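K.L.:
Each chain is listed here by its residues.
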Amino acid sequence: MIPELGTYSTILALCLSLVLSVVPMIGAHTGNKLWVDYARPLAKGVFAFLTLAMLCLGYAFLTDDFSVVYVANGSNTALPWYYKISAIWGGHEGSLLLWVWIQAFWTLAVAIKSRNLPLDIIGRVLAVMGMITSAFLLFILFTSSPFDRFLPNFPMEGGDLNPLLQDFGLIVHPPALYMGYVGLSVAFSFAIAALLSGRLDAAWARWSRPWTNVAWAFLTLGIALGSWWAYYELGWGGWWFWDPVENASLMPWLVATALIHSLAVTEKRGVFKSWTVLLAISAFSLSLLGTFLVRSGVLTSVHAFATDPERGLFILGMLIFVIGGSLLLYAIRAGSVKSESSFALSSRETLLLINNILLTVSCAMVLIGTLYPLVMDSLNLGKISVGPPYFNALFVPLMALMCIFLGLASVSRWKQTPLRLFVQQLWLPGVLALVAAFVSHGLYNSAFEPWVLLGLFLAWWIVFCWLRDFSNRLRQRGVMSGLLRQSRSYYGMLLGHLGVAVLVVGVAMVVLFVEHHDARMGPGDEVQFRNYTFIFDGARHVEGPNYISDMGRIRVLKEGQPYRIMYPEKRVYTARGMVMTEVALDPGLFRDLYVAMGEELDNGAWAIRMQYKPFVRWLWLGALFMTAGGLLAASDPRYRKQAQRDAQAAMPAQASQSS
Amino acid sequence: MNAARKQRLLIVLMILLGASVAVGLTAYALSQNINLFYSPSEIHSGMAPKDTRIRAGGMVVEGSIRRDTNSLKVEFDITDYAQSTTVQYVGILPDLFREGQGIVAQGMLNEEGKLIASEVLAKHDENYMPPEIAEALAKAGKMPGMPAAAKEY
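Line by line, the protein sequences give chains A and B. Start counting the first sequence at 1; every next residue gets the next number (full-length UniProt numbering). Start counting the second sequence at 1; every next residue gets the next number (full-length UniProt numbering).
Hints were generated in silico from the structure; no laboratory data involved. Worth double-checking, as some hints may not be accurate.
[Claimed, not checked] Quick list of in silico lysine to any residue cross-link-like pairs, SDA-like style, CA-CA up to 20 Å:
id, chain 1, residue 1, chain 2, residue 2
1, B, 73, A, 344
2, B, 73, A, 525
3, A, 33, A, 114
4, A, 44, A, 19
5, A, 268, A, 640
6, B, 73, A, 351
7, A, 415, A, 343
8, B, 50, A, 384
9, B, 6, A, 514
10, A, 338, B, 9
11, A, 415, B, 2
12, A, 415, B, 3
13, B, 73, A, 517
14, A, 33, A, 44
15, B, 73, A, 387
16, B, 50, A, 387
17, B, 6, A, 351
18, A, 415, B, 9
19, A, 415, B, 61
20, A, 338, A, 275
21, A, 338, B, 12
22, B, 73, A, 604
23, B, 6, A, 418
24, B, 73, A, 602
25, A, 268, A, 338
26, A, 268, A, 201
27, A, 415, B, 73
28, B, 73, A, 518
29, B, 50, A, 516
30, B, 6, A, 344
31, B, 6, A, 419
32, A, 33, A, 19
33, B, 73, A, 601
34, A, 268, A, 411
35, B, 73, B, 61
36, B, 6, A, 346
37, A, 558, A, 514
Small disclaimer: the values here were computed from a predicted structure and weren't measured.
Using the sequences plus the hints, can you model the full thing?
P.N.:
Following this line, the structure appears as structure tokens:
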């Protein structure tokens with residue numbers, strides 16, 4: 001009964017969102033206020049019914065209702081309750097429901113938080129979001145309903161959640177990532193609404209900026225969580241594999257990063273307008289492309305749940321419709337967009353343009369590397385794969401270049417910046433960064449490594465350049481009042497850029513100073529590297545709630561003194577008979593010790609993987625800084641106050657339009 | 001040409017230059033880093049190049065796994081049920097590596113036609129067969145049993 005209620009409320013949500021995508025749009029077009037006013041209650045209704053659907057699915061999981069196909073495939077009575085809840089998005093159907101629920105949540109948030117927007121804009125924005133919701137709901141109802149039943153004979157026991165996904169990382173990674181992916185639809189809808197209304201101005205950029213920042217922050221968080229999860233769950237200590245599925249999330253992130261910067265230029269200076277619109281369209285299109293790649297089964301990975309061509313075709317059709325339709329609209333409307341000001345070649349605008357070019361070029365090259373094998377395959381030109389060296393060779397130099405410009409941008413000014421200002425302001429940070437790079441490399445007791453030096457220099461360069469800007473601002477009006485006077489967006493920006501520096505340190509250190517030791521170890525054998533000694537004491541059998549395990553015991557000595565005991569595991573999950581590696585970690589701010597068990601050899605000997613990973617935590621710490629920076633910037637009260645003024649300014653225009 | 005136009009031209013030229021450098025580098029990097037896939041039959045017939053990184057895949061032959069007794073060196077055969085290739089690997093095999101399982105190995109062929117693998121991949125699902133292998137098996141006319149997708153439950 002409950003699953004049918006779930007289907008029923010999904011259908012009702014679809015009906016409401018279909019109305020939402022049509023009525024306010026027509027209302028905004030004809031100036032019929034009553035019709036536009038339908039948008040907000042409809043958005044609330046869609047969210048309410050989808051929440052009900054989510055609750056129904058959650059109920060089915062918690063009560064082990066194996067008559068529901070999706071539950072029977074993805075859950076098990078022995079599964080702990082929290083994994084039963086996260087199992088809702090552990091498979092294809094449920095993760096789509098989560099996607100569309102989050103879409104409805106964003107729509108609701110826009111509906112509530114947009115009191116100050118002109119009515120015709122809000123009508124169009126909500127209508128476009130309604131269209132996206134409708135498309136996904138149609139997809140769910142026609143090809144992938146999580147509420148389908150096994151009748152009359154249903155299994156007594158479920159097939160269990162994929163053990164890889166039985167983890168805290170899976171509870172949080174998909175919702176965070178989807179908040180980001182789907183949040184980009186807000187920026188997209190604002191862009192489409194602006195194109196439709198022909199009002200591409202600073203006010204439009206100001207409205208969509210906080211939304212884009214929040215979406216970007218969640219996307220950053222989601223990607224970081226995915227990387228962290230892969231690090232400790234996949235059992236070989238990598239944190240980024242250039243897997244097509246990872247690329248699928250990186251591409252929208254790169255474009256969204258470009259977008260938040262170009263929105264800033266559009267808001268402050270009224271230039272780059274059509275470029276910003278194009279970025280907003282691309283960012284959302286790429287997140288749809290990501291969904292297509294991951295969900296259609298053209299890629300094979302942990303994430304590819306289903307290989308059903310019908311589903312792939314549906315998403316492909318949607319992709320073509322969204323990208324084609326919005327680009328067509330863009331082609332028709334963008335020509336009439338005029339820049340409101342001009343800028344000199346040496347200016348903050350140019351530096352941000354360079355930022356945008358570097359980010360979009362890196363995105364394009366990730367896109368080529370990801371799609372090339374698919375294109376070759378579909379043309380029957382052979383099965384190929386593009387390896388990490390390709391991505392590293394292109395991505396790393398581009399990002400290094402970007403770090404240089406990121407420093408330069410700190411003291412640059414809008415409109416025009418004399419070249420001598422850069423020299424005057426930044427020679428000191430440059431020298432300091434160089435010295436700090438040598439000192440910090442020297443302090444870290446290891447062989448000299450020029451690439452590490454470069455990485456450290458770039459990180460320090462970013463830090464010192466922005467410190468310079470910060471101290472300039474403080475000097476203008478006393479330290480205390482200067483600290484208070486800076487806006488939240490400014491602090492958010494500082495925090496985000498600091499995050500980049502932290503991330504760069506993490507990447508440089510962990511890539512170049514990592515130590516791997518794979519060894520065959522019998523009981524009593526020891527392996528020594530850095531100042532640690534790893535002694536294998538053998539393995540014993542352990543039983544968990546839904547798995548049996550061989551648990552190794554490894555004593556770690558630091559400089560000959562007992563340091564700690566680590567317990568890596570090799571688990572067999574009984575429901576699926578699947579083998580899993582459970583890593584033992586000794587995390588630290590400056591290094592992780594990473595121990596994993598390989599396969600059992602003979603005479604109680606095991607293949608053991610031991611790694612020393614310097615600064616690996618800094619990768620995720622940097623991403624957390626960026627996330628916090630994005631959220632802080634979005635919370636700036638300036639947006640709300642200014643939006644009120646914009647709305648008042650827009651009122652007369654609207655009145656004349658509707659009369 | 002007035003100043004504004006000159007400036008615009010400069011920007012356009014800069015973008016063009018950047019784009020062409022990027023395209024050039026991309027094409028170069030792609031050509032250096034593409035790993036072609038070969039089935040054991042193709043390797044047997046000499047289609048696969050030596051001293052180039054390739055990918056080879058097939059089912060691990062039952063009873064073919066030979067381990068070195070005091071290191072992590074391991075050798076096993078992979079087959080498309082028409083021909084088989086020996087793979088040599090030093091290191092830890094993935095969790096889902098076992099006899100009868102489809103795997104993909106990445107590495108170089110040596111003079112004896114043995115694949116010296118730097119990486120062995122087995123996907124994270126026991127029913128799953130890498131599409132390259134499925135196709136290679138189909139080509140060799142040896143697709144065993146029903147396709148993986150059909151045994152969902």
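K.L.:
Please verify whether residue 338/A and residue 9/B have alpha carbons no more than 20 Å apart.
P.N.:
holds, 18 Å
K.L.:
Take a quick look at whether residue 73/B and residue 344/A sit within 20 Å of each other, Cα to Cα.
P.N.:
Measuring from Cα to Cα gives roughly 63 Å; hence the hint is violated.
K.L.:
For a C-alpha distance cap of 20 Å, please report whether residue 268/A and residue 411/A respect it.
P.N.:
Within the cut-off at roughly 16 Å; holds.
K.L.:
Going straight from one Cα to the other, do residue 268/A and residue 640/A come out at no more than 20 Å?
P.N.:
Holds, at about 16 Å.
K.L.:
Holds or violated: are the alpha carbons of residue 415/A and residue 3/B at most 20 Å from each other?
P.N.:
Given that 20 Å is the threshold and the Cα spacing comes to 15 Å, the pair holds.
K.L.:
Can the restraint linking residue 33/A and residue 114/A be considered satisfied, given a maximum Cα separation of 20 Å?
P.N.:
This hinted pair holds, its Cα atoms lying about 16 Å apart.
K.L.:
Given the hint that residue 338/A pairs with residue 12/B, does the C-alpha gap stay at or below 20 Å?
P.N.:
Distance ~18 Å between residue 338/A and residue 12/B Cα, so the pair holds.
K.L.:
Taken at face value, is the distance from the CA of residue 387/A to the CA of residue 73/B at most 20 Å?
P.N.:
violated, 24 Å
K.L.:
Would the hint linking residue 73/B and residue 351/A be met if the CA-CA limit is 20 Å?
P.N.:
violated, 52 Å
K.L.:
Does residue 514/A lie within 20 Å of residue 6/B when you go C-alpha to C-alpha?
P.N.:
Measuring from Cα to Cα gives roughly 50 Å; hence the hint is violated.
K.L.:
Measure nothing beyond the straight line between the CA atoms of residue 73/B and residue 525/A; if it is 20 Å or shorter, mark the hint as holding.
P.N.:
holds, 18 Å
K.L.:
If you draw a straight line from the CA of residue 6/B to the CA of residue 344/A, is it 20 Å or shorter?
P.N.:
holds, 11 Å
Against the hints set out earlier in the document, violations occur for numbers 1, 6, 9, 15, 19, 27, 29.
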